[in-house]
Amino acid sequence: MSDQLVEKVLNEVMKKVAQDMAKPEAPVLEKVTENCKLTEFVGTAIGNTIGLVIANVDSELHEKMGLDKKYRSIGIFGGRTGAGPQIMAADEAVKATNTEVVAIELPRDTEGGAGHGSLIIFGAEEVSDARRAVEVALKDLNRTMGDVYVNSAGHLEFQYTARASYAIQKAFNAPVGQAFGLLVGAPAAIGVLLCDTAVKAAEIEVISYLSPSTTSHTNESILAFSGDSGAVRQALIAAREVGLQLLSALGGPCKSLTQPYI
Amino acid sequence: MSDQLVEKVLNEVMKKVAQDMAKPEAPVLEKVTENCKLTEFVGTAIGNTIGLVIANVDSELHEKMGLDKKYRSIGIFGGRTGAGPQIMAADEAVKATNTEVVAIELPRDTEGGAGHGSLIIFGAEEVSDARRAVEVALKDLNRTMGDVYVNSAGHLEFQYTARASYAIQKAFNAPVGQAFGLLVGAPAAIGVLLCDTAVKAAEIEVISYLSPSTTSHTNESILAFSGDSGAVRQALIAAREVGLQLLSALGGPCKSLTQPYI
Amino acid sequence: MSDQLVEKVLNEVMKKVAQDMAKPEAPVLEKVTENCKLTEFVGTAIGNTIGLVIANVDSELHEKMGLDKKYRSIGIFGGRTGAGPQIMAADEAVKATNTEVVAIELPRDTEGGAGHGSLIIFGAEEVSDARRAVEVALKDLNRTMGDVYVNSAGHLEFQYTARASYAIQKAFNAPVGQAFGLLVGAPAAIGVLLCDTAVKAAEIEVISYLSPSTTSHTNESILAFSGDSGAVRQALIAAREVGLQLLSALGGPCKSLTQPYI
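Protein chains in written order, with the numbering used here: chain A, 1 to 262; chain B, 1001 to 1262; chain C, 2001 to 2262.
Hints in this document: simulated from the structure, not taken from any laboratory.
Heads up, none of these hints are tricks.
Covered by chain A, per the in silico footprint, the following chain C stretches (three or more residues, Cβ under 8 Å):
#, stretch
1, 2190-2196
2, 2203-2214
3, 2244-2252
Please read all numbers here as calculations on a predicted model, not as lab measurements.
Using N, Cα and C, we set each Cβ at its ideal position, and we do this for glycine too.
Kindly generate the complete structure, drawing on both the sequences and the hints.
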């Protein structure tokens, strides 16, 4: 009797464990900001993203980093998973604060995934401005992760803003003040088709097409584009519809990391 | 009594779970092609590989992608895991169809592994030709993944063809029509020794030696070579024998992803 | 009654499994060197690192690898996880043996982590010298992994030597014979703050600042510096204190891979 019981429990448990282990190994997405007493610490967010400030960067380091001399204070904002979401969030931050995005660097990361991580530096004359920019960006990241879809085979990303500001300009050379769209498909094979879908869906102006040889060797194809606000949205929605079908066909159900916003 | 039972079951289960978790986290290898209704969808294959076609690439995108104007139709073939296997399969596809390989891009990928992913574009005048090329490549991939050996510490890859065609020429600058061999060892330290083993084992002509600074920052050493058919095979077999011993010493048993063909 | 028991066991087990799965997926760190009969095999070490020798490198490969002609024998030392630790260990090896470090290549690796792997080649006139260098490096690696701290969100690394030798010079252009310090923070956002902390903590001379755009697209910020022995240590200790707080805030407890030595 007891052996049967052991067997029964064993089966139940193994079934449950198998289910758990079969889940796509998505990057860590929800993050409880732990207590950190450092004055430089601002907070953390989805995608193993952290926000920090330095009130007065050491002058030698400042020079080695190639920063503009007029900013002694910097905000630091970057994560393991995501480049587009962090850039879009930084764009909202520069709109809302007296700061400038002085550097955007895109490592090959996503914790074993197919894409980028990010390192974004805000320059400010006052540390309070730098801190405010990082706060805004950290907070907005939950929104900009909304049209990121992930499964074990890859990811899709769609970003939209009605009015691009200076972070988007710096990252993609996009015209300031215009509607801007960004789409990413990984693996890159999927991305190529999404780019074609987007340009055919609406009258948009392609700013750049990126693929593994022009990204940080990510397995992504990327389209950055501007245009009329309605057209940009239409292109994104068309590409998203196709992308979800393709990525699902390859790796099973894929879902938004937070809440879709487009 | 019941506490003893709980303890007993707990021990059994933890043992089983530990075994499961100790298994090398190999990339996803078997793939059920799910239903996808898009006309552009051709199929999926091992290594999170997908095949797609575009009948008539948008002209602006066509230009941004740097494609030859004579091909309006393209086949898209690429995956998260593997570059050599996809290139070899694409080579069979160009032999069998009226297409050309117009682009090969190699992201740093393999889903947390040490190697490349791939993005290969076939150009064709007719979409039916592009589709046929992608079909052939998808189907052949199971074969070309045969001499890929993986464990938790790295991977080995050996590829052979009696007659290289235009995909191999484009990827490795190999002479068309001659026997061609490719070997990959990861981590790169293992690969260096395999390269030496291969060149000493038979009279081959080295086309190129690649290492982390000349790949997409992969942790691989790679040798591409041509020569007499027997010599190329002999070099590969010698390197494979050494490679399996080294990779096993580092990470335990490693086995073929499908069925060895060399 | 038995169903209650099943439920109870199930709960216990799932709790235990959840704990196990919540552990940061650190790279494989302890490694039992398996028997390998190849004469070229020297041994394995932490970080999926392997050591090999070639008594007489094939002359064609030798040339393709760009090695100095005076060394026919090479030692090969490299791993999936770690660049700094392997370089520091190689530095001890060149101090202790009649060899030279002839190549250092740094893939983007760490098995899904944020950093580098490594491929280091020792040149020697005698194979016994090459073997000895690899043995010393393999053995020392356990020490140099001591101030590497890892959790699921990233890693930190601190390296110190009272007297840099030729491996460190080759890797970082550091002055031979002087105290040398190296710090790495991943994600790169954390690294930026650690660099600032270090330069403010003591009178050191910055040799180089590296970030994702100047590494192999790793998600790291890196500072290499020299100076007075006490100052170098002080800078490292200050950065380590800050780094542990930040990385913990982002990803929970992080601990040394072996035993801290600084």
